[in-house]
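A.B. asks: All residue numbers for the sequence shown refer to the working numbering, where the first residue is 1 and numbers rise by one.
I should point out that these hints are in silico values taken from the structure, not numbers from a laboratory. You may find that some hints are simply not true.
[To be verified] Derived DSSO-like pairs (lysine-lysine); straight-line CA-CA distance at most 30 Å:
1. Lys-279 to Lys-264
2. Lys-137 to Lys-245
3. Lys-137 to Lys-88
4. Lys-88 to Lys-304
5. Lys-304 to Lys-62
6. Lys-327 to Lys-279
7. Lys-61 to Lys-322
8. Lys-322 to Lys-88
9. Lys-72 to Lys-304
10. Lys-304 to Lys-64
11. Lys-34 to Lys-264
12. Lys-116 to Lys-220
13. Lys-34 to Lys-327
14. Lys-322 to Lys-245
15. Lys-137 to Lys-179
16. Lys-72 to Lys-88
17. Lys-179 to Lys-327
18. Lys-34 to Lys-272
19. Lys-245 to Lys-179
20. Lys-34 to Lys-116
21. Lys-264 to Lys-304
22. Lys-272 to Lys-64
23. Lys-279 to Lys-34
24. Lys-292 to Lys-272
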Amino acid sequence: MKLFTKLSLVSAFVLSQSMLVQTVVAQTSDFPNKSLNYIVPFPPGGPTDVAGRVLADALGKKLKQTVVVENKSGASGSIGINQMIRSKPDGYTIAGLAAPSLTAPFMLAQPPYDLKTDVKPVGIAYITPLVIVVNPKINPDITDMTSLAQAAKNRKEGMNYTTAAVGSTAHLAMELIRKDLNLDMTHIPFRGSAPGVTAVLAGDVAIMYSDLVAVLSQIKAGNLRPIAVNTDQRLEELPDTPTLKEQNIQAAKASSWSGLLAPKNTPDGTVKILSDALKTVLEDADVQSRLKAVGAYPYYTDPKTMLETIERDSAIWSAVIKENNLKQAN
1 MKLFTKLSLV
11 SAFVLSQSML
21 VQTVVAQTSD
31 FPNKSLNYIV
41 PFPPGGPTDV
51 AGRVLADALG
61 KKLKQTVVVE
71 NKSGASGSIG
81 INQMIRSKPD
91 GYTIAGLAAP
101 SLTAPFMLAQ
111 PPYDLKTDVK
121 PVGIAYITPL
131 VIVVNPKINP
141 DITDMTSLAQ
151 AAKNRKEGMN
161 YTTAAVGSTA
171 HLAMELIRKD
181 LNLDMTHIPF
191 RGSAPGVTAV
201 LAGDVAIMYS
211 DLVAVLSQIK
221 AGNLRPIAVN
231 TDQRLEELPD
241 TPTLKEQNIQ
251 AAKASSWSGL
261 LAPKNTPDGT
271 VKILSDALKT
281 VLEDADVQSR
291 LKAVGAYPYY
301 TDPKTMLETI
311 ERDSAIWSAV
321 IKENNLKQAN
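Start from the sequences, fold in the hints, and give me the full structure.
C.D. replies: Below is the structure:
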């Protein structure tokens, strides 16, 4: 009787596990069978929001389901990311990850999440080129990173620079560059790119490290001079501007990018469907054009590579934040 009972229990366990596997497989093969929720953790109208809506529209067409964009901003994007983390792990809720959300766990005194353990990467979607610019009328001698370093060292009062915000990728990357070149430079942050551009044009600030889209029109008008870009290759919009890598700046390894995340227990098969769809839509010429219009350059990676990139950049940015004492209250 005891043997029979044990065999019955084993059989029941095997059957239950088989049914569980079949259920997961069925759910994955049926995915998606309803609309998806795409959380943009920033306010409407900004580059991350516009790029997110381009991706949501394209993914909806590819997956043959409506992808609804929900803006959930606040706390450097961590409010929206946390909402996604708490969502049901079935693939129907995803979120866009941008630089502020990547650095939030290190910038905020109380880390809101851990991107290495609390989420499941879907894939990187695009990179955001950054460019260092100066006012050529006020700083005619600064034409590249070498002359920038020389000018900074020659000025007894030091040199200042601006970015869109404290803790932005541009700010952290510029701190890496400052250390790399052993420069005395002071960060003058603004709320957004537009005030920073105005300050450089007025001569109130010497240098700006900015996303390309915010300064491109002033570059084309001759009001700003680009001296370096942070991409691996020169940009088609700025073919005469060398990369940081070309100018032997070690900080060039730090990048600015955005990707998609899902809750950590989302089935691998579901994540693959989402990742494959992302890869396909990023190959579409119309999608590429619409993304580039807001400064987002299509750049797909699979989930594994995205996780490796998160780990690499987390190590870089956390060290910069700690070294420069940039932590802020939640």
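A.B. asks: Next step is simple, just say for each hint if it's right about the structure.
C.D. replies: Hint check:
1. Lys-279 to Lys-264: holds, 20 Å
2. Lys-137 to Lys-245: holds, 26 Å
3. Lys-137 to Lys-88: Answer violated: Lys-137 to Lys-88 is near 55 Å, above 30 Å.
4. Lys-88 to Lys-304: holds, 22 Å
5. Lys-304 to Lys-62: holds, 22 Å
6. Lys-327 to Lys-279: violated, 35 Å
7. Lys-61 to Lys-322: The given pair, whose Cα atoms are some 43 Å apart, is violated under the 30 Å limit.
8. Lys-322 to Lys-88: The hint is violated at about 34 Å.
9. Lys-72 to Lys-304: Holds. Lys-72 to Lys-304 sits at ~26 Å (cutoff 30 Å).
10. Lys-304 to Lys-64: holds, 26 Å
11. Lys-34 to Lys-264: holds, 20 Å
12. Lys-116 to Lys-220: violated, 40 Å
13. Lys-34 to Lys-327: This hinted pair is violated, its Cα atoms lying about 41 Å apart.
14. Lys-322 to Lys-245: holds, 25 Å
15. Lys-137 to Lys-179: Status holds; Cα separation ~27 Å.
16. Lys-72 to Lys-88: holds, 17 Å
17. Lys-179 to Lys-327: holds, 19 Å
18. Lys-34 to Lys-272: This hinted pair holds, its Cα atoms lying about 17 Å apart.
19. Lys-245 to Lys-179: holds, 16 Å
20. Lys-34 to Lys-116: Holds, because 29 Å separates the two Cα atoms, which is no more than 30 Å.
21. Lys-264 to Lys-304: holds, 13 Å
22. Lys-272 to Lys-64: It holds: about 16 Å lies between the C-alpha atoms, which stays within 30 Å.
23. Lys-279 to Lys-34: Holds, at about 21 Å.
24. Lys-292 to Lys-272: Status holds; Cα separation ~25 Å.
Of the hints listed earlier, those the structure fails to meet are numbers 3, 6, 7, 8, 12, 13, in rising order.
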